[in-house]
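Novice: Residue strings, one per chain:
There are 2 protein chains.
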Amino acid sequence: MENNLKRIKDSSLHSLVVGADEAASWIQDGMTLGLSGFTRAGDAKAVPFALVERGKNEKFKVNIFTGASLGSDLDKLLSEAGIINKRLPFQADATMRKNINDANHLFVDQHLSHTAEMIRSGVLPTIDFAIVEAVSITADGMIIPTTSVGNSLTFVSQAKNIIVEINMEHSELLEGLHDLYEPAEQGKRKPIPLTKVEDRIGTIGIPFDIAKVKGIVFTNHKDSPSAIVPPDQETQEMANHLMDFLREEVKAGRLTNKLAPLQAGIGSVANAVLHGMIDSEFEDLQVYSEVLQDSVFELMDAGKVNFASACSITLSAEKMEQVYGNLENYRDQLVIRPQEITNHPEIIRRLGLIAINTALEFDIYGNVNSTHVSGTKMMNGIGGSGDFARNSRIAIFVTKSIAKGGNISSVVPFVSHVDHTEHDVDVVVTEQGYADLRGLAPRERAELIIENCVHPMYKEQLRNYYKEALTRGGQTPHVLEKAFSFHTSLAENGTMLDKVNSIA
Amino acid sequence: MENNLKRIKDSSLHSLVVGADEAASWIQDGMTLGLSGFTRAGDAKAVPFALVERGKNEKFKVNIFTGASLGSDLDKLLSEAGIINKRLPFQADATMRKNINDANHLFVDQHLSHTAEMIRSGVLPTIDFAIVEAVSITADGMIIPTTSVGNSLTFVSQAKNIIVEINMEHSELLEGLHDLYEPAEQGKRKPIPLTKVEDRIGTIGIPFDIAKVKGIVFTNHKDSPSAIVPPDQETQEMANHLMDFLREEVKAGRLTNKLAPLQAGIGSVANAVLHGMIDSEFEDLQVYSEVLQDSVFELMDAGKVNFASACSITLSAEKMEQVYGNLENYRDQLVIRPQEITNHPEIIRRLGLIAINTALEFDIYGNVNSTHVSGTKMMNGIGGSGDFARNSRIAIFVTKSIAKGGNISSVVPFVSHVDHTEHDVDVVVTEQGYADLRGLAPRERAELIIENCVHPMYKEQLRNYYKEALTRGGQTPHVLEKAFSFHTSLAENGTMLDKVNSIA
Chain A
1 MENNLKRIKD
11 SSLHSLVVGA
21 DEAASWIQDG
31 MTLGLSGFTR
41 AGDAKAVPFA
51 LVERGKNEKF
61 KVNIFTGASL
71 GSDLDKLLSE
81 AGIINKRLPF
91 QADATMRKNI
101 NDANHLFVDQ
111 HLSHTAEMIR
121 SGVLPTIDFA
131 IVEAVSITAD
141 GMIIPTTSVG
151 NSLTFVSQAK
161 NIIVEINMEH
171 SELLEGLHDL
181 YEPAEQGKRK
191 PIPLTKVEDR
201 IGTIGIPFDI
211 AKVKGIVFTN
221 HKDSPSAIVP
231 PDQETQEMAN
241 HLMDFLREEV
251 KAGRLTNKLA
261 PLQAGIGSVA
271 NAVLHGMIDS
281 EFEDLQVYSE
291 VLQDSVFELM
301 DAGKVNFASA
311 CSITLSAEKM
321 EQVYGNLENY
331 RDQLVIRPQE
341 ITNHPEIIRR
351 LGLIAINTAL
361 EFDIYGNVNS
371 THVSGTKMMN
381 GIGGSGDFAR
391 NSRIAIFVTK
401 SIAKGGNISS
411 VVPFVSHVDH
421 TEHDVDVVVT
431 EQGYADLRGL
441 APRERAELII
451 ENCVHPMYKE
461 QLRNYYKEAL
471 TRGGQTPHVL
481 EKAFSFHTSL
491 AENGTMLDKV
501 NSIA
Chain B
1 MENNLKRIKD
11 SSLHSLVVGA
21 DEAASWIQDG
31 MTLGLSGFTR
41 AGDAKAVPFA
51 LVERGKNEKF
61 KVNIFTGASL
71 GSDLDKLLSE
81 AGIINKRLPF
91 QADATMRKNI
101 NDANHLFVDQ
111 HLSHTAEMIR
121 SGVLPTIDFA
131 IVEAVSITAD
141 GMIIPTTSVG
151 NSLTFVSQAK
161 NIIVEINMEH
171 SELLEGLHDL
181 YEPAEQGKRK
191 PIPLTKVEDR
201 IGTIGIPFDI
211 AKVKGIVFTN
221 HKDSPSAIVP
231 PDQETQEMAN
241 HLMDFLREEV
251 KAGRLTNKLA
261 PLQAGIGSVA
271 NAVLHGMIDS
281 EFEDLQVYSE
291 VLQDSVFELM
301 DAGKVNFASA
311 CSITLSAEKM
321 EQVYGNLENY
331 RDQLVIRPQE
341 ITNHPEIIRR
351 LGLIAINTAL
361 EFDIYGNVNS
371 THVSGTKMMN
381 GIGGSGDFAR
391 NSRIAIFVTK
401 SIAKGGNISS
411 VVPFVSHVDH
421 TEHDVDVVVT
431 EQGYADLRGL
441 APRERAELII
451 ENCVHPMYKE
461 QLRNYYKEAL
471 TRGGQTPHVL
481 EKAFSFHTSL
491 AENGTMLDKV
501 NSIA
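Top line first, the protein sequences correspond to chains A and B. For the first sequence, the UniProt record's numbering assigns the number 1 to the initial residue and increments by one for each residue that follows. For the second sequence, the UniProt record's numbering assigns the number 1 to the initial residue and increments by one for each residue that follows.
Fair warning: there could be bad hints in the mix.
[As the list claims (entries may be wrong)] Distance condition first, Cα-Cα at most 27 Å in a straight line; then the derived DSS-like pairs of lysine-lysine:
| # | chain 1 | residue 1 | chain 2 | residue 2 |
| --- | --- | --- | --- | --- |
| 1 | A | K304 | A | K190 |
| 2 | A | K188 | A | K212 |
| 3 | B | K190 | A | K467 |
| 4 | A | K196 | B | K190 |
| 5 | A | K196 | B | K196 |
| 6 | A | K212 | A | K9 |
| 7 | B | K482 | A | K459 |
| 8 | A | K499 | B | K482 |
| 9 | B | K6 | A | K482 |
| 10 | A | K251 | B | K160 |
| 11 | A | K59 | A | K196 |
| 12 | A | K258 | B | K188 |
| 13 | A | K251 | B | K251 |
| 14 | B | K9 | B | K222 |
| 15 | A | K499 | A | K467 |
| 16 | A | K196 | B | K459 |
| 17 | B | K196 | B | K59 |
| 18 | A | K98 | A | K196 |
| 19 | A | K188 | B | K214 |
| 20 | B | K6 | A | K188 |
| 21 | B | K214 | B | K61 |
| 22 | A | K400 | A | K467 |
| 23 | B | K6 | B | K188 |
| 24 | B | K304 | A | K467 |
| 25 | B | K160 | A | K482 |
| 26 | A | K404 | A | K459 |
| 27 | A | K160 | B | K251 |
| 28 | B | K459 | A | K482 |
Calculated from the structure, these hints are not laboratory results.
Work out the full structure, taking the sequences as your base and the hints as a guide.
Specialist: Put into structure tokens, the structure is as follows:
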């Protein structure tokens, strides 16, 4: 304990140390909790675990707001415990997904840059308890976050009560890595002074009102390692196509080999695509992203990336050991910010990001579905993909052209849910090729997408749809009664493939 | 002519004065033209007219890029003349619309804040000729724009050649009304220093390279008056519902009676809704919009609006006379900026706008179609609605609940084209009522929208759809094979109304 208390440098706070069970007991039915945590990194762990335990013997429900998805199976446990009323703004857990789709609890799928703004302006319910993981509390009254910042700054500034979880597993070397900046009220705010990826514009910790700190809990749970799948041949092909596109940009004089600051979405595909740049001619790269995955550190190690900014670091077990065991090697090239700043339209447009995100499916006109399987079942959520796609310099979406052994085509006549409209999607990439949609009218886009991106199994079928659509005319030709035929066929026959094609 | 030349204060340019026919003769097949003009205001007129004449005897095609829609029937004439290859980023003319939908020429429907960025970064073809209307050319080398700025600043800075049309119909009192600011290259730019609606951050005219000026043409064509329909009972009801929503915001302490800077889309409905605020308790209002229509000046006259910023002023004939005849009364309360600045995500988020735009249709989950009739036929284009909706503090969409005497319901199970996703739409308003969707999960949204916004004729039908969808489950329940049943029924039977309901 002696050792633990050293992490609370303001000794007047030592008396607030409590057990996780006691802290969890303060939470009442109907409350709203703001938990730290962003894609399995830096989540509050001990108090939520204790809350799950309480849920086994007691009936209550709370709203769970976070940065993004939680690690340590917390989303699974909270959801199973039946204690969630409303969850936002993102999740990525199979059990929670099922409970959302079975309407066992509510889920609001939000742009990740919006949550802080909506809390501050009073549109979302007031946060009753901010529960945030920390490395330490400084003598001058700041909470030093751990491996993510997420929405913690706003949770702490807006909550009625604060519980800090000091996680002894995290090295104190994390102090100094963060940059905390919160915009003032809308209409009264100044420009956000960040003009370069590496700029520091705020404080190294989260300032807080001592009177609001209700308790401090010690824990020693590690972050969950990421569950990314290693690159495969198809992701390497996608990376190659993406790099071909970027080479064309360089050739046209629109970019140099330094490209522009890169953003890459969470997940195996985006990770693999970034990984694919290791042996490329691109150099002196910068990353301005939401989450740093293994690939960014591989690119740093290879001397390809010279600086990376994000609101979370989510690594495989192996990479965790390497990075956190050698933090001194990376700390001059890293900054962790609030998700409101990493995903802020002002900064994204100013820096002119190249945004690479994963699509679930896209259609022949370039609309993208990132969230809903067959238009109805939630996968994970839009995350930051909309924040980035909408305001970036080049919005790129990647996906394998088929799934489920070819029974699903990722390119369809009409996406069954739209998360990114044709107006916001610049380039689509599959392992088949890429389509650069910028400046093209819908009919030009359709031809390019079918030609370049569709799997050979589905080319004829999409061509036939488009041919029939053309007989109907219009700026964006469709046969509305067949627009979802790929999806209804999947539901009825287990495949999107036409019978004619299946037999052939 | 003596009098005309006084408008060119740098006399070294006097020798460049030519007739419109001569200027039009310089334009070659395959060129790209950047024309001034935004929603019928400030368009280059004489040279495009001459080009249309040339098209009668000669075969050539050009790309026509503008601020937004053109007045003086120019979009109609250019389209009819068959001399357009590609048109962007917006139009609003019936003949051009037909030609777009018949695929007689291409149309790229762009966010209005994107065009300048795409030209500057070399993604769109280089502008061969910028043809911009002006009040005058100053002695220190600036073009003073007229009633709109649109994309003229970027057209002039990026074009290979410049033609200036000095329109003697416009008063020289317009000088000083404009504020021209162009961001530097992405990655090298500073924050845009605008923090208040009334801030001036640039020059009063468009700086230009004298060597690029190929000709100066004099004209005296007036701007086309706007074709807005006067407010009716239903638009007044919509305004009342919108004000009820705003009153709730004031009651909740999220806004004061001064609200937040207002943006209102082009068109009769948005105009009528703003007009409806005249007799309200809201006061000291500010407008940060794209286009100022009659209603903004009515609100100024009523002492309700103290400042208005836009990239264009589009008025009825009567209002034109009043405003331009008494410009001295308004000039301290007005500024005209480039559309890149009026629609910039950085500024929209910073100021925290309340954005009011018109929907063609919206669905039970809050997705909005602003552009495509029955998903295929282009109406006008997305305009700035996406720029505003995506980054505003409150994104509001308004539409009458039915059209075509009730054969069309503006609320449908699934919009036939998505311009604004469920993530970006905060409030929907019809004459039936409003639905505040912020912080709601899809199932909560569907119930509220059906209850509050749908016309009684269609309530049962939408409830039945939703009930059946619920049996399928999911975060966003749908019956995909019936998702477009309203639209296919309209195509087949001339009405979206179910037979059962029609008989009843």
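Novice: Are the hints correct? Go through all of them and say.
Specialist: So, going through the hints one by one against the coordinates:
1. A/K304 <-> A/K190: Violated, at about 34 Å.
2. A/K188 <-> A/K212: 25 Å, holds
3. B/K190 <-> A/K467: Outside the cut-off at roughly 48 Å; violated.
4. A/K196 <-> B/K190: 10 Å, holds
5. A/K196 <-> B/K196: Distance of about 24 Å is within 27 Å: holds.
6. A/K212 <-> A/K9: Given pair A/K212, A/K9 holds - Cα atoms ~17 Å apart, limit 27 Å.
7. B/K482 <-> A/K459: Holds, at about 26 Å.
8. A/K499 <-> B/K482: 22 Å, holds
9. B/K6 <-> A/K482: At roughly 63 Å apart (the allowed maximum being 27 Å), A/K482 and B/K6 break the hint.
10. A/K251 <-> B/K160: 21 Å, holds
11. A/K59 <-> A/K196: 49 Å, violated
12. A/K258 <-> B/K188: 14 Å, holds
13. A/K251 <-> B/K251: Not OK: A/K251 and B/K251 at ~57 Å, beyond 27 Å, violated.
14. B/K9 <-> B/K222: 23 Å, holds
15. A/K499 <-> A/K467: 19 Å, holds
16. A/K196 <-> B/K459: Cα-Cα ~52 Å, so violated.
17. B/K196 <-> B/K59: 49 Å, violated
18. A/K98 <-> A/K196: 41 Å, violated
19. A/K188 <-> B/K214: Not satisfied, since the Cα-Cα distance of roughly 45 Å exceeds 27 Å.
20. B/K6 <-> A/K188: 44 Å, violated
21. B/K214 <-> B/K61: 21 Å, holds
22. A/K400 <-> A/K467: 24 Å, holds
23. B/K6 <-> B/K188: 39 Å, violated
24. B/K304 <-> A/K467: 54 Å, violated
25. B/K160 <-> A/K482: 47 Å, violated
26. A/K404 <-> A/K459: 17 Å, holds
27. A/K160 <-> B/K251: Cα-Cα ~21 Å, so holds.
28. B/K459 <-> A/K482: 26 Å, holds
The structure does not agree with the numbered hints 1, 3, 9, 11, 13, 16, 17, 18, 19, 20, 23, 24 and 25 stated previously, though it agrees with the rest.
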